[in-house]
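In order, the protein sequence lines correspond to chains A and R.
Residue numbers are given in the working numbering: position 36 of the first sequence equals residue 792, and the series is strictly consecutive.
Residue numbers are given in the working numbering: position 45 of the second sequence equals residue 51, and the series is strictly consecutive.
Because the hints were derived from the structure by calculation, they are not lab data.
Just so you know, even glycine gets a beta-carbon here, dropped at the ideal spot from N, CA and C.
Hints may contain errors.
As the list claims (entries may be wrong) - Here are some chain R residues pointing at chain A (derived, C-beta under 10 Å):
#1 A26
#2 W28
#3 V61
#4 G109
What the hints assert, rightly or not - These stretches of chain R come out as covered by chain A in the derived footprint (C-beta under 8 Å, 3 or more residues):
#5 67-81
#6 86-94
As a plain string of letters, each chain reads:
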Amino acid sequence: RKEVEQDPGPFNVPEGATVAFNCTYSNSASQSFFWYRQDCRKEPKLLMSVYSSGNEDGRFTAQLNRASQYISLLIRDSKLSDSATYLCVVPGFSGGYNKLIFGAGTRLAVHP
Amino acid sequence: EAGVAQSPRYKIIEKRQSVAFWCNPISGHATLYWYQQILGQGPKLLIQFQNNGVVDDSQLPKDRFSAERLKGVDSTLKIQPAKLEDSAVYLCAGRRGNEQFFGPGTRLTVL
Numbered sequence: 757r758k759e760v761e762q763d764p765g766p767f768n769v770p771e772g773a774t775v776a777f778n779c780t781y782s783n784s785a786s787q788s789f790f791w792y793r794q795d796c797r798k799e800p801k802l803l804m805s806v807y808s809s810g811n812e813d814g815r816f817t818a819q820l821n822r823a824s825q826y827i828s829l830l831i832r833d834s835k836l837s838d839s840a841t842y843l844c845v846v847p848g849f850s851g852g853y854n855k856l857i858f859g860a861g862t863r864l865a866v867h868p
Numbered sequence: 007e008a009g010v011a012q013s014p015r016y017k018i019i020e021k022r023q024s025v026a027f028w029c030n031p032i033s034g035h036a037t038l039y040w041y042q043q044i045l046g047q048g049p050k051l052l053i054q055f056q057n058n059g060v061v062d063d064s065q066l067p068k069d070r071f072s073a074e075r076l077k078g079v080d081s082t083l084k085i086q087p088a089k090l091e092d093s094a095v096y097l098c099a100g101r102r103g104n105e106q107f108f109g110p111g112t113r114l115t116v117l
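Kindly produce the complete structure, drawing on both the sequences and the hints.
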């Protein structure tokens, strides 16, 4: 099993739609999780952190299910500007230091 | 606060040539990461520095890749000799708390 697996996408949705992405992880010891957003030809930027069962920020909701080892990202009322790749990120450890393990990303295209 | 600086932004070389990338992280970020992002994939960690010491280089192809951060501030990543499969975006990042801040990346094309 890969350390982090995501829906491959792409997801093509109309403006105003609700869309959800799933991500599964293999390390049951992971405590915190992240969603990063990456626009085309740009660097990844932190979208949301998830430390407990979930987190909500405006139209974005991230949920964590530790028993099933998956994280989801829900986007409500999609905007054209939401078009991007969404990277699921799980922490790991190496040499006593934190590192981040990135999924391959799920591409979202919101159309008029 | 200035962001993470990287140069060059683009580089095209032929296979077997050498190339070097430079990164200057945000001031005060002791941890520095180099990632390789191949088209259609997520960033893959190549090497992690804590100040000027390497803490993880398990995924760095050491026969051709090298990196240094001599003074614990800026860093260089070198590929010598380059292969076609090294074509990717090379991202540098620093860390504050649990958040990583990425530079704009260097897009390398190996012909």
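Now the hints, each set against the structure:
1. Hint status for R/A26 relative to chain A: violated, with the closest Cβ pair at about 20 Å, above 10 Å.
2. Annotation: interface hint on R/W28 violated; nearest CB of chain A at approximately 16 Å, more than 10 Å.
3. Because the beta carbon of R/V61 sits about 4 Å from the nearest beta carbon in chain A, less than 10 Å, this interface hint is met.
4. Hint on R/G109 holds. Least Cβ distance to chain A is approximately 6 Å, under the 10 Å limit.
5. Counting residues of the segment 67-81 of chain R whose beta-carbon sits less than 8 Å from any beta-carbon of chain A gives 0, not enough to reach three: the coverage restraint is violated.
6. Under a criterion of three residues with beta carbons nearer than 8 Å to beta carbons of chain A, the stated coverage of the segment 86-94 of chain R fails, only 0 such residues being counted.
Of the numbered hints stated above, those contradicted by the structure are hints 1, 2, 5 and 6, listed in ascending order.
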